[in-house]
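K.L.:
We have chain A; now place chain B onto it with these hints.
So the protein lines, in turn, are chains A and B.
So for the first sequence, my numbering puts the first residue at 1187; every next one is plus one.
So for the second sequence, my numbering puts the first residue at 14; every next one is plus one.
Any given hint could be a false lead.
Claimed, not checked - So the derived label-pair ranges between C-beta atoms look like this:
{"id": "1", "chain 1": "B", "residue 1": "263", "chain 2": "A", "residue 2": "1587", "range": "33 to 43 angstroms"}
{"id": "2", "chain 1": "B", "residue 1": "116", "chain 2": "A", "residue 2": "1504", "range": "29 to 39 angstroms"}
{"id": "3", "chain 1": "A", "residue 1": "1449", "chain 2": "B", "residue 2": "101", "range": "41 to 51 angstroms"}
{"id": "4", "chain 1": "B", "residue 1": "154", "chain 2": "A", "residue 2": "1503", "range": "52 to 62 angstroms"}
{"id": "5", "chain 1": "B", "residue 1": "174", "chain 2": "A", "residue 2": "1288", "range": "28 to 38 angstroms"}
{"id": "6", "chain 1": "B", "residue 1": "116", "chain 2": "A", "residue 2": "1587", "range": "44 to 54 angstroms"}
{"id": "7", "chain 1": "A", "residue 1": "1575", "chain 2": "B", "residue 2": "260", "range": "29 to 39 angstroms"}
{"id": "8", "chain 1": "B", "residue 1": "263", "chain 2": "A", "residue 2": "1449", "range": "45 to 55 angstroms"}
{"id": "9", "chain 1": "B", "residue 1": "157", "chain 2": "A", "residue 2": "1276", "range": "47 to 57 angstroms"}
{"id": "10", "chain 1": "B", "residue 1": "107", "chain 2": "A", "residue 2": "1284", "range": "37 to 47 angstroms"}
As the list claims (entries may be wrong) - Computed footprint of chain B on chain A, listed as stretches where at least three residues anywhere in the stretch have a Cβ under 8 angstroms from a Cβ of chain B:
{"id": "11", "segment": "1230-1237"}
{"id": "12", "segment": "1301-1310"}
{"id": "13", "segment": "1409-1415"}
{"id": "14", "segment": "1445-1454"}
If you're looking for bench data, these hints aren't it; they were derived computationally from the structure.
Don't be surprised by glycine CBs; every beta carbon is placed ideally from N, CA and C.
The residues making up each chain are set out below.
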Amino acid sequence: MTTIRHTIRAVAIATVIALAPAAQAFDPSSPAGKYKDPGITDTEIVIGLHAPLSGRLKAFGYDVLYAAKMWYDMINKRGGIWGRKIRVIIADDKCSPTELVGIHKKFVTVDKVFLLHGGSCTHSTVAAQEYVTRNKIPYVMLNASGDAAVIPPTRYVFGAFGGTQRTLGGTIVDFAARALKAKRIAYISHDDEYGAANTAAARFTAKKSGVELIAVEQVSRRIVDVTAPVLKIRAAKPDAIVITTYTGPAALITKKIYELGLRVPIIAAVQAIPNPPSFVKNVGNMKALANFYYGSPLNDLTRGPKQKWVQDMYKKAYPKHNRPTPFMAYGVPSAQAIVYALMMAGPNPTRESFVDAMSHLKFNTGVLAGPIELGENKRDGHNASIFIKFDGKKHSRMSGVYFNKFVGQK
Amino acid sequence: MTGSIYALIALSLVIVFKSTEVINFGGGEIVMISAYIAMFFLILFGLPYLVVVPVTALVVFVIGASFDRVVLDRVLGRHRPGQDIMVAMVIATVGLSYVLKGTVRLFSVSDDVRTLPPIFSTDPIFIGDIVLSQQDIAIFLISIMVMMLLFGFFTFTRIGKALRATSENPRAAMLVGIPVRRMRTLVWGIAAALAAVAGVLVSPKLLVSPDMGGIIILAFAAAIIGGFTNVLGVIVGGVVIGVIENLVGLFISSKAIAITPFIVIILVLIARPQGLFGGAVPIKKV
Chain A
1187 MTTIRHTIRA VAIATVIALA PAAQAFDPSS PAGKYKDPGI TDTEIVIGLH
1237 APLSGRLKAF GYDVLYAAKM WYDMINKRGG IWGRKIRVII ADDKCSPTEL
1287 VGIHKKFVTV DKVFLLHGGS CTHSTVAAQE YVTRNKIPYV MLNASGDAAV
1337 IPPTRYVFGA FGGTQRTLGG TIVDFAARAL KAKRIAYISH DDEYGAANTA
1387 AARFTAKKSG VELIAVEQVS RRIVDVTAPV LKIRAAKPDA IVITTYTGPA
1437 ALITKKIYEL GLRVPIIAAV QAIPNPPSFV KNVGNMKALA NFYYGSPLND
1487 LTRGPKQKWV QDMYKKAYPK HNRPTPFMAY GVPSAQAIVY ALMMAGPNPT
1537 RESFVDAMSH LKFNTGVLAG PIELGENKRD GHNASIFIKF DGKKHSRMSG
1587 VYFNKFVGQK
Chain B
14 MTGSIYALIA LSLVIVFKST EVINFGGGEI VMISAYIAMF FLILFGLPYL
64 VVVPVTALVV FVIGASFDRV VLDRVLGRHR PGQDIMVAMV IATVGLSYVL
114 KGTVRLFSVS DDVRTLPPIF STDPIFIGDI VLSQQDIAIF LISIMVMMLL
164 FGFFTFTRIG KALRATSENP RAAMLVGIPV RRMRTLVWGI AAALAAVAGV
214 LVSPKLLVSP DMGGIIILAF AAAIIGGFTN VLGVIVGGVV IGVIENLVGL
264 FISSKAIAIT PFIVIILVLI ARPQGLFGGA VPIKKV
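Chain A extracted, bound-state conformation (with noise of 0.2 angstroms):
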């Protein structure tokens, strides 16, 4: 608890003197701002909440909307933000762009929100965009990388907590050519958006790193075979094979480097990984994990000593929520940014206030490799991530924190 605090006061102090000036400019005795915005009383600021909490995505979201409502609790037990208590509404949008967008039609129109909060899938995240910004609601990602929807920025969504795919796709690379010492990496991603966006900054970040990308391939994440795609890199003779796949494509990937005789390091996007158990299971032979890393965007394992703090929070606020998802700690910073910036924007704050003070952010998150930047021309949040060798047993972390050097677009 006393992390938590120290955290806090640490970013409160920061925060405030950093803004200080854009704070002036709001005038809390201004009775036409008061509540101009729905969602807000004396006694409370309402925020529409949701994620995937069923279906095969739960667990990108399920844990992780659970820590960020967490944080809303520990706020409202410690007396809320400029005394309002924070009400949070929840739904499950199954990671599907429709239902998504549905929902934060209902929490807009019915539930009448102050701000919206969620969303752990970027096709999902990307459909909400035009919504948003024709009503101008605020719209804050839970953990969605989200590229499309904060690159280039616009004015009411903000994103990537967890990083995009770019963040991702640089950093994955960097560590291949830095740690482990590849001169020949073979990359394998999904055929879409995603793919275009995490390919993109690993081709930037091997040319600045003077590595060679091998073997780009992109496959469908329904794809059924492997077998074709995996033979074209063995063809290639790389040193490092990179997948940012999701989870199930990476598995059979995995599985099937293995059967064909490769014994190159592996290096897994987080998304490949999401529950390192099921991963074993779904690889199914423990000798294809003998050289394979992962990356996360954490700043430790998530039984590492600077998690901790996290872990013992979750576990005490849902003593039933059995083993988190190693995602869960990613619902922090989002909802750590929400309260940062609603304390900004002073007493009587407006969408528009609360998106201002938004804009300013910068702040360390006590769970992420690297800090929170928003500005006016960034709403991508994190760019950092760490690297952790798993042998299907044991997670240990690789030591350094990476960082995207990759802005640009696609």
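P.N.:
Frame of chain A; chain B shown alone:
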């Protein structure tokens, strides 16, 4: 190697089509539910594959036969002269696919993608530059064995001969005392059991999820290549589609793998609608 599994699934489609003229759009979901049933026996009861394969086939046989008895029989019973009964039958199989997928989604086991444990060792065998996995070889051999058993059943057994007679001319079969209705139920059961064996064999190689029924498109491509009524052609079609898929991935692009079966289907339908091994397009006498 994977082509042999596509061939098995395609066979399950073809024997139903040959006997009832119905294209089973629920075939993929029968494969999917078989994988979940096998997972249930493997993980919950810790049974070996030697037991799991026949037990799963038996359970799924009952599902297939029950679908015919409970659903298709009633659809046929409501048939009025002049109505196109085939449309209703095909829609019923689409319904079956949704029911099976929805049923699996009711259980939390479907929340996460899974695979079944390997049937044999996945260690590679190197023959010069060629790499084979022991599991792939085993799956291929088992598939061939199942196809041979099926061939033996249809060629040498009394029931098999009765089934063939029913598929060739149901009216004549009825006249010589073959219980056509029961035979149709049996065909649905056998086709489902065949799909179940394919489902169990393919699951250690693929991911088990409620969406894995999408594999049926590869079986359709195999059946269309081979000719929808030619059993041997379908087996060859399965192997061909497996090979084409990988050749496209290797020499064109990995991105093109997903669209390969659709392109194959279109090309075969344009160039040779009866399939590469099918005879002339049959003209139905009315």
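K.L.:
The structure should be examined with respect to each hint, and the outcome stated for every one.
P.N.:
Checked hints:
1. Evaluation of the 33 to 43 angstroms hint for residue 263 of chain B and residue 1587 of chain A yields a pass: the beta carbon distance comes to about 38 angstroms.
2. Distance hint check for residue 116 of chain B and residue 1504 of chain A: the Cβ-Cβ separation is about 30 angstroms, which falls inside the suggested range of 29 to 39 angstroms.
3. For residue 1449 of chain A and residue 101 of chain B, the hinted distance range of 41 to 51 angstroms is not satisfied, since their beta carbons lie about 56 angstroms from each other.
4. A beta carbon spacing of about 54 angstroms between residue 154 of chain B and residue 1503 of chain A agrees with the range 52 to 62 angstroms that was offered as a hint.
5. In this structure, residue 174 of chain B and residue 1288 of chain A break the distance hint of 28 to 38 angstroms, their C-beta atoms being roughly 57 angstroms apart.
6. A beta carbon spacing of about 47 angstroms between residue 116 of chain B and residue 1587 of chain A agrees with the range 44 to 54 angstroms that was offered as a hint.
7. For residue 1575 of chain A and residue 260 of chain B, the hinted distance range of 29 to 39 angstroms is satisfied, since their beta carbons lie about 36 angstroms from each other.
8. A hinted range of 45 to 55 angstroms is violated for the C-beta pair residue 263 of chain B and residue 1449 of chain A, which are about 21 angstroms apart.
9. Taking the beta carbon of each, residue 157 of chain B and residue 1276 of chain A are about 53 angstroms apart, inside 47 to 57 angstroms as hinted.
10. Range check, residue 107 of chain B to residue 1284 of chain A: Cβ separation about 22 angstroms, and the 37 to 47 angstroms hint is violated.
11. Only residues whose C-beta sits within less than 8 angstroms of a C-beta in chain B count toward coverage, and the segment 1230-1237 of chain A has 0 of them, not enough to reach three; the restraint is violated.
12. Closer than 8 angstroms: that is the beta-carbon criterion, and the segment 1301-1310 of chain A has 0 residues meeting it against chain B, so the requirement of 3 is violated.
13. Under the rule that three or more residues need a Cβ within less than 8 angstroms of chain B, the assignment of the segment 1409-1415 of chain A holds, with 6 such residues.
14. Taking a C-beta to C-beta cut-off of 8 angstroms, the segment 1445-1454 of chain A contributes 3 residues in contact with chain B, enough for the three needed, and the coverage statement holds.
Violated hints, listed in ascending order, are 3, 5, 8, 10, 11 and 12; each of the other numbered hints is respected by the structure.
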